[in-house]
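*Asks:* Sequence:
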Amino acid sequence: YWDATRAFMILSLLACFIGIVIGIMAFIHYSSFDGFDKTFAAGILFFISCFFVLLAMAVYTGVTVNYYGKRYGSWRFS
Numbered sequence: 009y010w011d012a013t014r015a016f017m018i019l020s021l022l023a024c025f026i027g028i029v030i031g032i033m034a035f036i037h038y039s040s041f042d043g044f045d046k047t048f049a050a051g052i053l054f055f056i057s058c059f060f061v062l063l064a065m066a067v068y069t070g071v072t073v074n075y076y077g078k079r080y081g082s083w084r085f086s
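When we follow our numbering, the leftmost residue of the sequence shown carries the number 9, and every step to the right adds one.
It should be emphasised that the hints constitute simulated quantities derived from the structure, not laboratory data. Backbone N, C-alpha and C fix where the C-beta goes; we use that ideal spot for every residue, glycine too. One should not assume that every hint holds.
So the derived label-pair ranges between C-beta atoms look like this [said to hold, decoys possible]:
id : residue 1 : residue 2 : range
1  : L22       : A66       : 17 to 23 Å
2  : Y75       : T47       : 41 to 47 Å
3  : D45       : A15       : 18 to 24 Å
4  : W10       : F55       : 22 to 28 Å
5  : L21       : G70       : 41 to 47 Å
6  : A12       : F35       : 32 to 38 Å
7  : W10       : H37       : 15 to 21 Å
8  : I36       : R14       : 32 to 38 Å
9  : Y75       : G51       : 23 to 29 Å
Could you build all of it, start to finish, from the sequences and the hints given here?
*Replies:* This is the structure in structure tokens:
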């Protein structure tokens, strides 16, 4: 599960970095793509980055809770 968590966090980092680059390109009006809305694409990449972080945390939390078992019996998520 460490590898899955690491992979999702790396994908999140890549999506966030590409979103920042596209956002900077939109800010300085760099026009390599004319019919391409760069601010919308940057926003979508940030949402994808957040989704990958949530997936990584879900994998890590699910495995960690099963690993510790009944050690923390009174502690719950909900």
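*Asks:* Determine for every hint whether it applies to the structure shown.
*Replies:* To see whether the hints hold, each was checked on the structure:
Our hint of 17 to 23 Å for L22 and A66 holds, since their Cβ atoms are close to 19 Å apart. The supplied range of 41 to 47 Å is met by Y75 and T47, whose beta-carbon atoms lie about 42 Å from each other. Taking the beta carbon of each, D45 and A15 are about 29 Å apart, not inside 18 to 24 Å as hinted. A hinted range of 22 to 28 Å holds for the C-beta pair W10 and F55, which are about 25 Å apart.
Between L21 and G70, the C-beta spacing of about 21 Å breaks the proposed range 41 to 47 Å. The hinted range of 32 to 38 Å is satisfied by A12 and F35, whose Cβ atoms lie roughly 35 Å apart. A beta carbon spacing of about 43 Å between W10 and H37 contradicts the range 15 to 21 Å that was offered as a hint. In this structure the hint that I36 and R14 lie 32 to 38 Å apart at CB holds, the actual value being about 33 Å.
Here the CB-CB span from Y75 to G51 is close to 36 Å, at odds with the stated 23 to 29 Å.
The structure fails hints 3, 5, 7 and 9 (numbered hints given earlier, in ascending order).
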